[in-house]
Amino acid sequence: MTEPVLALTGISRSFGALRANDDISLTLRAGEIHALIGPNGAGKSTLIQQIAGALKPDRGRITFLGRDITGLSTASRARLGLARTFQISALAMEHTVLQNAVLGALGYSGRVFRFFRPVMDDPALVEPARAALARTGLADLAHQRTGALSHGQRRQLEVAIALTLEPRAFLMDEPMAGMGADGSRMLTDFLRTLSRDAPILLVEHDMDAVFALADRISVLDYGRVIATGSVDEIRAHPEVRRAYLGGEGVG
Amino acid sequence: MIAERWLNAALYLALLAVPLAAWALDEPFVITLATKIAILAIAGVGLNLALGLGGLVSLGHAAFFGIGGYAMGILASHAQSYTPLMQSPFLIEGTKSMPVIWLVAIVVSAAAALVIGALSLRTTGVYFIMVTLAFGQMLFFFAISWPAYGGEDGLSIYVRNGFPGLNTLDPIQFFAIAFVILSLVLILVSRLSRSAFGLALDGARQNVARAETVGINPFRVRLVAFTISGAITGLAGALFADLNRFVSPSMFSWQTSGEIMIFVILGGVARLYGPLAGAMLFILLEHFLGGISEFWHIYLGLVLLGVVLFARGGLIGTLSRAAAPHD
Ligand SMILES: Nc1ncnc2c1ncn2[C@@H]1O[C@H](COP(=O)(O)OP(=O)(O)O)[C@@H](O)[C@H]1O
Ligand SMILES: [Mg+2]
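Line by line, the protein sequences give chains A and B.
Residues in the first sequence are numbered consecutively from 1, following our numbering.
Residues in the second sequence are numbered consecutively from 1, following our numbering.
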């Protein structure tokens, strides 16, 4: 078996007395969608933040593309192609949609310190940005102010920006949140296509989407991974049913 | 936004036309007022790069204004007393040449901004305001207690410094210098704000997590912006000192920082021509209200309060919106 794209070993992180992440190890393999599920407060966002570099782990190691990235800044990780989308959209709201995408291409290019040439006339940045907007269905809104976008369109833009990083892995924190049934279904199909670009570590509450998409699922509860396995294994797992799927009678 | 462009053009042309008319009518005082507006606008444009585009609320820009002023004062005072600044390890003489003074003012204030920025940009929000204020105050007290260059009394320069081919003592010619420099600074900042650097700086202001997540190091981008901003304000300080032929520690005072910030807020934060509009309004208020009442700052305070509460885009934002109801 080839080396995983992303590997976490023994990640722990506490907030005061609260162990938000407790000795978490998991991998993201090439080509897969690995879903991370668990009740609210289980520690999913905390884990994503540590992978992205926004939060330092107390213990443990993160390797990406065979490289130890535990000590790297968020920005350096992004330039390696680790593309994150936020649970709550984080966008430059005063900029146009296209400017947000160009910002992504610019950051990834690493050539920020250019002072005179108008950035929106630079085809090396604008073309990949437009391509990313086209793929996410935002081409017609390129010149719209980002603050004027609907919730769903903002989520699409998050993905478009991630695409400008020539991603080698996606980290997605609840991309379906607030999308509505139609939106979720469309995004489910889209994420399946996207996983051909790069593997996706997907935090998601929408269980229909998770069961439809995931190659593997890890279940987090009170900061610990209580199970990892295929969709069928997780559905059948007694501890998972008790801790998370509850009495809802899944399946 | 078309309306804003026309408004900018009108302000710019007014700044040019009024002193030309005053020159024709032989009213040198009006020319000097216009020169003061141009110079203070340069300082404001410098601050606006950090404050408007970068979101860096510096209450310490007097540091750079003062450094520019003292660069002029020190170089010119040595030149007028025919004593070198230093003799060992190598000789540095004073100078009365404006271009040399400007260069020194730019380099020294940029270096100071680099150091102050590197220390203060580790903080954000109110802490950043306080740290920049503290650095400004440090320089203020340093200038007061530095007897070699006048201490509290400041330094007088008897004859305005020279510019090759011009008579800088002629008010209209000195105005022309200030006006051309303001124009160049406006072009520079306009290009910067549309460049890759400007997009990154503005993006980091609007959402720092977003900027980091696409691979931008916000600290570095902000530090470069703060340095350029300080250098522009330093250049304005050198010109201001030359306008008055006098430098004093008050150039370093927190009131100076506050006034530069007032130009920006009055005119419109992040609007390219905002500081010009703000400096115009400020100087006109100072001139007319200052003639009526010693307490004109109270009226200024009321105007400022009105802008902050009711006209967030400042003068430029409000007037251009009024002219173009569809935004
Ligand atoms: N910055 C923080 N400071 C203190 N507690 C936090 C912080 N971030 C998260 N937590 C706590 O850590 C736990 C895990 O949170 P989170 O990772 O957001 O859960 P999830 O995304 O799975 O819903 C929660 O109890 C939350 O309250
Ligand atoms: Mg969460």
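Check each hint, because a few of them may be wrong.
To be verified - Interface residues of chain A toward chain B, partial, derived using beta-carbon atoms under 7 Å:
| hint | residue |
| --- | --- |
| 1 | Pro39 |
| 2 | Gly107 |
| 3 | Phe115 |
What the hints contain is simulated information worked out from the structure, not anything from laboratory work.
Where is the CB? At the ideal position from N, CA and C, for every residue including glycine.
Hint check results:
{"no.": "1", "hint": "Pro39", "result": "violated, 25 Å"}
{"no.": "2", "hint": "Gly107", "result": "holds, 3 Å"}
{"no.": "3", "hint": "Phe115", "result": "holds, 5 Å"}
In summary, the structure is inconsistent with hint 1 from the numbered list given earlier, while agreeing with all the others.
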